[in-house]
Every structure is written in C-alpha cells, then in structure tokens.
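Whole structure, please, built from the sequences with the hints as guidance.
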Amino acid sequence: MRRTHAALLLVLLAVSGCGGHRDVTELRFWAMGRESEVLAALLPDFEREHPGLRVRIEQLPWTAAHEKLLTAVAGDATPDLCQLGNTWIPELVALRALEPLDARLAATPAIDRADYFEGIWQTNLIREAAYGVPWYVDTRLLFYRSDLLHEAGFAEPPRSWAEWRQVLAAIAARSHGERFGVLLPLNEFEPLLALALQQPEPLLADGGLRGNFTNPGFERTLDFYVGMFRDHYAPPVGNAQIANVWTEFGKGYFTFYISGPWNIGEFQRRLPPELTGRWMTAPLPGPEGPGASIAGGASLSIFRRSRHQAEAWQLIEYLSRPAVQQRFHQLTGDLPPRRSAWAAPALAQDPFARAFRDQLERARPTPRVPEWEQIVTEMRIVAERVVRGEFTVHEGAVELNARADRILAKRRELAAEGKLL
Amino acid sequence: MTRAQAGLLLAAPALVVIAVFFFLPVLAALALSLTDFDLYALADSGYLRFVGLRNYVQLLGNPLFWQALGNTLYFTVVGVPLSLAVSVGTAVLVHSRLARCRGLFRTALFAPVVTTVVAVAVIWRYLLHTRYGLINYGLGKLGFAPIDWLGDPHFAMPAIILFAVWKNFGYNMVIVLAALQNIPEDLYEAAELDGAGAGQQFLRITLPMLGPTLLFVSIMTVAGYFQLFAEPYVMTLGGPGQSTLSVLYLLYEEGFKWWNLGRASAVAFVLFLMMFAATALQMRLGRQAAA
Chain Z
1 MRRTHAALLL
11 VLLAVSGCGG
21 HRDVTELRFW
31 AMGRESEVLA
41 ALLPDFEREH
51 PGLRVRIEQL
61 PWTAAHEKLL
71 TAVAGDATPD
81 LCQLGNTWIP
91 ELVALRALEP
101 LDARLAATPA
111 IDRADYFEGI
121 WQTNLIREAA
131 YGVPWYVDTR
141 LLFYRSDLLH
151 EAGFAEPPRS
161 WAEWRQVLAA
171 IAARSHGERF
181 GVLLPLNEFE
191 PLLALALQQP
201 EPLLADGGLR
211 GNFTNPGFER
221 TLDFYVGMFR
231 DHYAPPVGNA
241 QIANVWTEFG
251 KGYFTFYISG
261 PWNIGEFQRR
271 LPPELTGRWM
281 TAPLPGPEGP
291 GASIAGGASL
301 SIFRRSRHQA
311 EAWQLIEYLS
321 RPAVQQRFHQ
331 LTGDLPPRRS
341 AWAAPALAQD
351 PFARAFRDQL
361 ERARPTPRVP
371 EWEQIVTEMR
381 IVAERVVRGE
391 FTVHEGAVEL
401 NARADRILAK
411 RRELAAEGKL
421 L
Chain H
1 MTRAQAGLLL
11 AAPALVVIAV
21 FFFLPVLAAL
31 ALSLTDFDLY
41 ALADSGYLRF
51 VGLRNYVQLL
61 GNPLFWQALG
71 NTLYFTVVGV
81 PLSLAVSVGT
91 AVLVHSRLAR
101 CRGLFRTALF
111 APVVTTVVAV
121 AVIWRYLLHT
131 RYGLINYGLG
141 KLGFAPIDWL
151 GDPHFAMPAI
161 ILFAVWKNFG
171 YNMVIVLAAL
181 QNIPEDLYEA
191 AELDGAGAGQ
201 QFLRITLPML
211 GPTLLFVSIM
221 TVAGYFQLFA
231 EPYVMTLGGP
241 GQSTLSVLYL
251 LYEEGFKWWN
261 LGRASAVAFV
271 LFLMMFAATA
281 LQMRLGRQAA
291 A
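Residue numbers (the working numbering), protein chains in the order written: chain Z, 1 to 421; chain H, 1 to 291.
No lab work stands behind these hints: they were computed from the structure. Backbone N, C-alpha and C define an ideal beta-carbon position, used for all residues, glycine too. Heads up, a few of these hints could be off.
[Claimed, not checked] Label-pair distances were calculated between CB atoms; the ranges are:
id : chain 1 : residue 1 : chain 2 : residue 2 : range
1  : H       : L281      : Z       : A173      : 23 to 29 angstroms
2  : H       : L8        : Z       : A64       : 40 to 46 angstroms
3  : H       : G197      : Z       : R230      : 57 to 63 angstroms
4  : H       : P25       : Z       : V38       : 39 to 45 angstroms
5  : Z       : N239      : H       : F276      : 37 to 43 angstroms
6  : Z       : A310      : H       : P25       : 52 to 58 angstroms
7  : Z       : E417      : H       : V16       : 41 to 47 angstroms
8  : Z       : H394      : H       : A85       : 44 to 50 angstroms
9  : Z       : A77       : H       : V17       : 27 to 33 angstroms
10 : H       : V17       : Z       : V24       : 55 to 61 angstroms
11 : H       : F216      : Z       : G389      : 40 to 46 angstroms
12 : H       : P25       : Z       : N239      : 34 to 40 angstroms
13 : Z       : N215      : H       : V17       : 53 to 59 angstroms
14 : H       : A111      : Z       : G52       : 55 to 61 angstroms
[Stated by the list, open to error] Residues on chain H that point at chain Z, a partial pick, calculated with CB under 7 angstroms:
id : residue
15 : A41
16 : L42
17 : A43
18 : L127
19 : H129
20 : T130
21 : F155
22 : G255
[Unchecked claim] Just so you have them, the derived chain Z footprint on chain H, three or more residues with Cβ under 8 angstroms:
id : stretch
23 : 65-77
24 : 181-187
25 : 231-243
And the structure:
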C-alpha cells in the first residue's frame with residue numbers, strides 16, 4: 001500500500017515537473033456522483049476556448065459531500081466552484097461561504113433567467129440575491145404501469161387527486177390485497193413534500209421563522225397521503241422492505257411510483273424486455289388537476305474565498321450554454337434547467353421526458369432556510385407515525401408544527417436581535 | 001527520590017496520555033454542551049452563546065430523547081444477558097470433552113465478529129425480508145404468519161438484537177473459553193466422586209469459577225451495547241417510527257447531520273454519565289457477589 005503511494009507520488013512529481021505551465025490558472029471544481037465522472041468529457045472544449053485555464057475536478061461521493069462542504073467551510077479549504085444540491089444553498093449562504101452572483105448575471109446576457117424554469121431558478125435566491133446558477137433539474141412525478149392501468153379500466157393517467165383515488169380503488173378491487181396501487185416509501189420525504197407543495201399555503205410562516213403545518217391546506221395533503229395507506233392503496237413499508245423497486249415494479253406489485261428523472265434510465269436498463277412499452281411517466285396529480293412538485297436539482301456556485309471568481313464564472317457560463325447542457329444530458333441523463341436546451345431532439349422526442357418538461361413548469365421551491373432539511377426529516381417521521389396510527393392527522397400536524405418551531409428557535413432569536421444574515 | 005515520586009514518574013507517561021486523550025476531550029465536550037454551538041456559530045463565532053444548562057433541560061424535556069433512552073435500555077437489558085448466555089453456552093459446548101473439530105467450531109463461531117457490519121447487514125436484511133426471507137420461510141413451515149421484521153415497530157428492535165447478538169457473541173465466547181480452560185480438572189473429578197451431575201457441576205463449579213471473567217465480560221458488553229449505533233444505522237436508519245433510534249444515534253443526528261454540536265455534546269455527556277453509573281453499579285454488585 002505504502003509503496004504504491006510512493007510510486008504515485010513520484011509519478012505526480014514527474015508530471016508536474018515537466019508540465020511547467022506557470023502562467024496557467026487552475027480552477028478547483030468540486031463535483032459529485034455521476035456528474036463528476038462525466039465532466040471531464042466536457043472540459044477540453046472549455047480549455048481550448050480559455051487557454052489560460054485548467055480545471056481540476058475533485059470528486060466527492062454524494063453521501064459524504066455535505067459533511068465535506070461544511071468541514072471545508074470551517075477549515076477555509078473551499079474550492080473555487082462547486083456543484084451544490086440546491087437545498088444546500090441556504091445553509092452555505094448562512095455560513096457566508098458563497099459569493100452572490102447578481103452583478104455577474106447582469107453582465108452575462110447569455111445566462112437568460114427567463115429561459116430557466118422559474119421554480120428552479122428561485123431555489124438559488126436567498127432574499128432575492130442569486131447564489132447559484134441551475135445546472136440540472138430534478139422533480140418528482142408519477143411512473144406508472146400503463147398495462148395495469150388499462151386492465152383496471154382507465155386509458156389515461158389521473159390528473160387530479162379525485163381521479164387518482166378512483167384509479168387506486170379500481171386497482172385495489174382487482175388485486176385482492178396482494179398488489180398495491182402505489183408505492184410511497186415511508187423512509188422518503190419527497191412524495192409527501194411534493195403533494196404538500198401543491199397547496200397555496202407556504203410550509204413555513206413569518207418568513208421562515210415558524211412552522212405553518214396547522215393549516216387546512218397541509219392537513220388536506222396529510223390526510224390524502226395517509227388515506228392512501230388507510231385504504232390499503234399503498235403498503236406501509238420503507239425501501240428496505242421492498243429490496244428491489246425495479247423488480248417489484250416489473251412484477252406489478254404496485255402500479256404507481258413517485259420518483260425522479262434518474263429512474264427513466266434505471267427503468268429502461270433494469271426492467272425485463274417484455275415490459276417495454278408497458279410503463280410511462282405522467283405529471284403529478286394535484287388537488288384540482290395537474291399539481292406542483294418539488295424544484296430539485298443541482299446548481300453551480302462560486303465560493304467567497306475563491307481567488308479566481310472571474311475564471312470560475314467563465315466555466316459556469318460555458319456549462320450553462322444550451323448546447324453544452326444537451327451534451328451533458330446525453331452523458332448523464334440529467335435534465336437541463338433551460339427551456340431552450342429542451343429543444344434538442346433527444347429530449348423533445350423522448351416520451352418519458354415529456355411529463356418532466358410539463359411538470360418543471362409547475363416546480364415549486366421549498367422554504368429556503370438552513371433548517372429546512374431537518375424540518376422535512378421531521379415531516380417524514382411524523383407522517384410515518386400518523387400512518388401507523390400513533391397520531392390522528394390533526395395531532396400529527398400540531399406535533400410537526402411544534403417540532404418545526406423548536407428547530408427554528410435559534411433563527412427566531414437571531415432575527416429578534418437583528419443578526420440574521 | 002521517595003517511593004511516591006518514583007511511582008508517579010513511572011506512571012506519568014500513561015497519566016499524560018489519559019489526560020490528553022480522555023480528560024481533555026471530556027472537559028471540552030462539557031464546555032461545548034453549555035453553549036448553543038450550531039450552524040450559525042460555525043458561520044460566525046459571534047453567534048455562539050453560553051446557554052448554561054439549557055441544552056440539558058431541553059434534552060430532558062424532549063420525548064425523542066426518552067424514546068431513544070428507552071430503546072437503548074431495551075436493547076441493553078435484553079441483548080446483554082442473551083449475548084452472555086449464548087457466549088457461555090457456546091463456550092461450554094466447544095470446551096466439552098465430547099466435542100469434535102473444536103478448532104473448526106471455534107473459528108466458525110468467532111467468524112461473525114471479524115465480518116464487516118455493513119456487509120453482513122445486507123445479508124441479514126435478506127434473511128429478515130418479509131416476503132422472501134429465510135427466517136419467515138422457516139417460521140411459515142412451523143405455521144407462523146410472516147413477520148415484518150424491519151418494518152413493524154414491535155419487531156424491529158428484536159431483529160436488531162438478534163443481529164447484534166449474532167455479530168458479537170463470538171468475542172465473549174473466546175474470553176469465556178480461555179477462562180474455562182483455566183478451571184482445574186480435579187475440581188470436576190472431585191465433584192463427580194461426590195455424585196454431582198452435569199447440571200450441578202455447571203452451577204457449583206463452572207459458573208463460580210467463571211465469576212471474575214463474567215464480571216469483566218458483562219461490563220465490557222454493557223458498555224458496548226449502550227453505544228448502539230452501527231446496527232440500526234445500517235439496518236433500519238433508526239426506524240420504523242424511530243423504534244430503533246438509540247441515544248448514540250440521536251447524538252450522531254444532532255451533531256453530524258444537523259451540526260447542533262452544543263446539543264450533541266449534551267447528549268454525549270448524559271450518555272457518558274449513564275454508562276459511568278451502570279459500570280459502577282456492576283462493579284459494586286460484582287464485589288458483593290465475590291464477598
């Protein structure tokens with residue numbers, strides 16, 4: 001082990017010794033997961049356009065990324081720019097780690113805000129200042145077995161909650177308790193969150209200082225969600241008990257599944273060939289017709305401590321070009337945040353992507369406070385307890401509100417002292 | 001140089017190490033637990049405030065803490081005796097004069113200890129699977145309805161206990177085995193001449209002779225089981241319905257997921273005090289039993 005390290009070090013020394021680009025600026029770019037692996041393919045064109053720049057990609061696994069970012073901030077070891085899950089932006093802004101981008105955006109007409117899906121763009125705004133540029137998007141909608149839907153007597157996927165329940169009731173009547181209409185894994189907060197975003201009331205009140213879960217809108221959503229389990233349309237299980245979602249979807253154990261864009265590729269790869277043409281995607285049903293969903297995805301942000309902010313911005317500008325985003329989509333399957341990038345045939349003609357294109361126009365951001373991730377985790381935990389009958393829907397909403405208020409206590413105190421950034 | 005000075009000098013290196021790596025961190029944790037160190041304080045130390053015992057008061061008023069404590073005690077109270085019984089039982093079996101292939105059995109029974117918890121958790125999740133699991137298949141053959149081991153709040157902790165006992169008993173078994181080999185053979189011969197059966201020999205000779213070893217083993221096991229974390233982390237993520245959330249898991253979430261280091265330190269300190277009390281109690285009970 002130690003010998004290979006030494007050998008590696010020698011090689012590195014040799015390479016850096018004979019390279020000798022003294023006048024080259026190196027950009028440190030932290031990227032995660034699959035994106036970090038394919039980025040290298042996009043960079044040669046950028047480096048040709050900008051001969052004075054070299055990009056060093058440092059790969060982080062998603063599971064450790066959050067911790068590494070916070071540690072880097074604490075230790076003043078942040079890179080120049082970074083791929084950020086857009087729900088992490090409020091936290092890093094609270095840590096004063098990110099550079100506001102408004103001046104650069106104003107000077108860069110190529111990054112046209114009107115071309116971006118509005119809900120996605122908003123996830124990057126903290127008090128109206130932009131701290132990131134959307135890179136790719138993620139939202140949740142329905143994956144469904146079209147053949148099972150037909151068997152149950154429906155030609156089209158449901159568009160409203162009422163239609164959805166009709167379909168689920170028909171499936172339940174035919175399945176004798178051995179199959180289910182929908183899978184809503186109890187260890188995921190996203191399905192409930194997507195449904196909660198469909199209500200007019202915001203999830204937090206007083207500008208993000210208090211919970212806002214004891215209102216008719218959220219209770220309606222919680223009741224609808226819990227009702228799926230109460231009526232045995234959804235099995236009360238987490239992902240650990242499903243073992244393999246793709247196998248079970250293939251077997252028809254459930255007809256509907258709320259998931260994100262990466263599963264288009266996964267389903268195509270993992271479902272048996274005889275299921276080709278027997279599943280499809282559809283926008284998420286809402287209380288009164290097609291509803292909102294989560295504005296997820298990742299953004300590109302520049303760190304405040306970077307000494308190469310102008311150069312980092314050039315890279316962001318390059319990666320935001322529709323043509324580059326289309327190539328990025330081909331490499332990863334990630335969906336682009338710009339409407340113009342969706343004009344590419346690969347996307348415009350993909351039947352599975354069509355529902356996402358539609359849904360993204362109705363994507364809504366979650367509250368932008370650093371505590372949100374903790375609050376949404378509590379939402380999942382409380383909802384699970386309501387599903388298990390430990391709380392009624394109303395008691396669950398009250399409990400969740402109390403937990404959210406407790407989590408936001410320090411934020412309220414700081415706001416009262418006028419010290420909130 | 002007096003004897004006392006010489007003694008201190010000889011003990012000094014060890015004392016320094018204990019001071020630096022034990023007392024200092026404990027004091028630092030205690031100090032941190034009296035502040036509201038969190039994400040905001042990480043941004044700007046001006047947001048760090050001394051809050052006295054507020055973290056402790058909030059912790060003791062938080063139902064989740066009591067649930068985590070209840071879960072941890074459940075795990076310890078059921079898990080430790082079960083683990084010790086299995087360890088002693090297997091050690092006696094392996095030690096038995098009638099046993100064949102002792103080396104093979106000793107290795108096989110010790111094997112779970114050296115496996116990686118994450119890797120075997122994957123296998124256990126399959127064993128415990130509601131519809132495809134081997135355990136439910138066996139229960140089904142005996143006429144029991146399938147149990148949703150990891151999905152039902154009543155069965156998740158028993159499943160975790162089974163997993164933890166299976167994973168850990170081999171370690172204690174080896175220690176007990178060593179102690180068994182130190183019991184003089186003539187004690188058994190004398191007992192046999194006096195007409196004691198196998199049961200009586202076990203109760204009157206084996207168990208008393210194992211006394212000090214069992215005390216040591218139980219102290220170590222209690223200390224280890226109080227720090228339940230890896231098993232629920234890889235098997236259930238603290239669920240379902242927080243039924244496998246342990247005190248240490250709560251600490252991990254507060255500290256490393258949400259960066260509430262002040263509150264996490266308070267949890268750590270309470271856990272430390274509880275383990276200290278539990279160990280002191282065991283030592284006292286052990287001394288009384290020996291006297």
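Going through the hints against the structure:
no.	hint	result
1	L281(H) / A173(Z): 23 to 29 angstroms	violated (59 angstroms)
2	L8(H) / A64(Z): 40 to 46 angstroms	holds (45 angstroms)
3	G197(H) / R230(Z): 57 to 63 angstroms	holds (59 angstroms)
4	P25(H) / V38(Z): 39 to 45 angstroms	holds (43 angstroms)
5	N239(Z) / F276(H): 37 to 43 angstroms	holds (38 angstroms)
6	A310(Z) / P25(H): 52 to 58 angstroms	violated (44 angstroms)
7	E417(Z) / V16(H): 41 to 47 angstroms	holds (43 angstroms)
8	H394(Z) / A85(H): 44 to 50 angstroms	holds (47 angstroms)
9	A77(Z) / V17(H): 27 to 33 angstroms	holds (30 angstroms)
10	V17(H) / V24(Z): 55 to 61 angstroms	violated (48 angstroms)
11	F216(H) / G389(Z): 40 to 46 angstroms	holds (45 angstroms)
12	P25(H) / N239(Z): 34 to 40 angstroms	holds (37 angstroms)
13	N215(Z) / V17(H): 53 to 59 angstroms	holds (58 angstroms)
14	A111(H) / G52(Z): 55 to 61 angstroms	holds (58 angstroms)
15	A41	violated (9 angstroms)
16	L42	holds (6 angstroms)
17	A43	holds (4 angstroms)
18	L127	violated (12 angstroms)
19	H129	holds (6 angstroms)
20	T130	holds (6 angstroms)
21	F155	violated (12 angstroms)
22	G255	violated (11 angstroms)
23	65-77	violated (count 0)
24	181-187	violated (count 0)
25	231-243	holds (count 7)
When held up to the earlier numbered hints, the structure conflicts with 1, 6, 10, 15, 18, 21, 22, 23, 24 and fits the remainder.
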